[in-house]
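The lines below spell out each chain.
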Amino acid sequence: MDLALLGRAWADRSGDRRRRVAVTTAVIAGITAVDVVATLRAGRARRARRRLVRMELAVTVNTPASEAYRFWRNLENLPRFMTHLESVRADDLRRSHWVARGPAGRSISWDAEIVDDRPNESLAWRSLPGARVPNAGRVRFLPAPGDRGTEVRVQLGYAPPAGRLGRAVAKLFGEEPEQQVRDDLRRFKQVLETGEVVRSDAGPDGISLGQQLRQRPAQPLSAGSGR
Amino acid sequence: MKATTWVGKDKVKVVDVPDPKIMNSRDAIVKISSTAICGSDLHLYHGYIPAMREGDILGHEFMGEVVEVGPEVGNLAVGDRVVVPFPIACGRCRSCQQGLFSVCENSNPNAGFAEKLMGHSPAGIFGYSHLTGGYAGGQAEYARVPFADVGPLKVPDEVPDDQALMLADIFPTGYMGAEMCDITPGDVVAVWGAGPVGLLAAASARLLGAERVIVIDRYPYRLRLAADRAGAEVLNYEETDVLDALNELTAGRGPDACIDAVGLEGHHGNAAMYAYDRAKQAARVETERPFALREAILACRSGGVVSVIGAYGGFVDKFPMGAFMNRSLIMRTGQCHVQRYTRPLLERIRRGEIDPSFVISHHLPLKDAAKGYQIFQKKQDDCTKVVLKV
Ligand SMILES: [Zn+2]
Ligand SMILES: [Zn+2]
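Those protein sequence lines, which keep their order, are chains A and B. The first sequence begins at 172 in this note's numbering and counts up by one. The second sequence begins at 718 in this note's numbering and counts up by one.
Where hints are given, some of them may not hold.
[Stated by the list, open to error] To list a few chain B residues with every Cβ distance to chain A over 10 Å, as calculated:
1) 734
2) 743
3) 773
4) 793
5) 807
6) 852
7) 876
8) 896
9) 936
10) 944
11) 960
12) 968
13) 1037
14) 1046
15) 1049
16) 1106
[Stated by the list, open to error] Some chain B residues close to chain A (C-beta under 8 Å, calculated; not the full set):
17) 720
18) 724
19) 725
20) 735
21) 853
22) 1019
23) 1020
Bear in mind the hints are in silico, worked out from the structure with no lab data behind them. All values derive from a computational prediction rather than experimental measurement. Idealized CB from N, CA, C, for every residue including glycine.
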């Protein structure tokens, strides 16, 4: 049903848009059960399906797949490397409550469920009906060839609603939502391999693209501004 | 605390800044006793490395006493005397575990920025621009040392600061430059640049069994050091045609290995060649003046090794790819993986095989850092290496 809808969008568009829709179709076909559009159908933001944002990114970590899986499976770990999240609380093995940093200090929260869990291999989740920003994701943990650690491959999709909230969400994720997720994965690698997000004097909050463009000088923070 | 900060092109200033604090649990804070100015600091000083900010604390060669450790640092205690390698390395990523510490995959918080310029990111480096992490440097009274459980090496009391400090960068860098040459008996090794790194590369090539070492520079006082302290033959490129002379010395074979210890701010005996690259560099069309590299490639015997330890930041022009490809040359390069070399080289110092402090020409107090940069830059007063005492 939703794939058919995307198929119609495909027929209507050309050039870059057409390519993006093609990729979206492929990813949604890949996510199967956690199809964001399916999530949307149950939600209120029906019109948002047109603005579906999706991405697929990967990082290689120097740990066994089991360890990377175990860290991610404890969803409460996610805010340690996903900086737009304030907290994730696991209600039980399947359901969880997520709180994201919203614009102007307001936070956005939603409930999510795990829809597919293959220990040490992959994990898929999606937001439950009622989420203001319906979203879904899947992460796969694939042993890299020749003992090169684990390839962590993430598919994410979200559908910003129309109106003011939509604009605020777009602002939160910046012009390049992919960059945000890429930075998340870099931090995931740092936390998994070194134990923490790595900080420097010019970048006391760790990796972030925005910060790289507006760096403070490389000298210690003053006493008042320390963490 | 007092710290040496970059103010702008050709300008540094010692100013008061806040003391560093522990930011990660594997950090240590070191109270610095000795810190050196490096040739690559001059590249920053001259503004050839991108991404400097006014107020950045300079310095990547320093040592001192541990005054604070984070909760995850089990191998160091307050009061330990340590020398700190210049690349910041986590010790746990695959690169670190293969001994490639200067390309640690986790230590550069600005990796995304570096990737845009270099494809992939190198490690973070102390006091070496925002491209390599925006870490405060060690030409200061104190420094924060991340991954202190991996990098810092404890120095025994009987090894003086001047010897131990050379382990932060230039002795391992020179040594790695020689090691990359795969020296076998009978080898002739030529070294471009008789700065501190070139001198220590020459001395290391001798330690590793080179039959003859030839050092090329234009400053007679530096060439004297190469001859007297590194056991090298010397060529002054302002007086000699280097390619002819090297062919003459090796009966036409060419050196078996050539080390570029000059990097991006080379000089050339031929005024027109120098003017060409200097003009392009000034216009920022080209970021480097790669004379030494070009000449090393042309000089090297067919099938030989060109070992590049001089620092580069961006792009080079007129790279003699034809010579490089048609004559089966091998190029090896890298920022030094210092953590790999500190222990074995400390042992060589203790056994009296080498005293790397022979390259030091000046000691100044930290407050005179600006003067140190000036005399080093202008090669005044036979300056080879400036150590700042804190
Ligand atoms: Zn150096
Ligand atoms: Zn590492």
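Quick rundown of the hints versus the structure:
1. 734: Violated: least Cβ distance 5 Å, not greater than 10 Å.
2. 743: violated (7 Å)
3. 773: Contrary to the label, residue 773(B) does not stay out of reach of chain A, its closest Cβ about 4 Å off (not over 10 Å).
4. 793: Residue 793(B) clear of chain A: closest Cβ-Cβ about 17 Å, beyond 10 Å.
5. 807: violated (5 Å)
6. 852: The claim breaks: residue 852(B) does not keep its Cβ more than 10 Å from every Cβ of chain A (closest is about 5 Å).
7. 876: holds (29 Å)
8. 896: Check passes; 26 Å lies beyond 10 Å.
9. 936: Nearest chain A Cβ is 32 Å from residue 936(B), so the label holds.
10. 944: holds (40 Å)
11. 960: holds (42 Å)
12. 968: holds (45 Å)
13. 1037: About 35 Å separates residue 1037(B) from the closest Cβ of chain A, which puts it past 10 Å; holds.
14. 1046: Holds, since 29 Å exceeds 10 Å.
15. 1049: holds (23 Å)
16. 1106: holds (21 Å)
17. 720: Nearest chain A Cβ about 7 Å off; hint holds.
18. 724: It is violated, given that the least Cβ distance between residue 724(B) and chain A is near 11 Å, above 8 Å.
19. 725: violated (12 Å)
20. 735: holds (5 Å)
21. 853: Holds - the Cβ of residue 853(B) comes within 8 Å of chain A, reaching about 4 Å at its closest.
22. 1019: Given a least distance of 33 Å, the restraint on residue 1019(B) is violated.
23. 1020: violated (29 Å)
Hints 1, 2, 3, 5, 6, 18, 19, 22, 23 from the list above are not met by this structure, while the remaining hints are.
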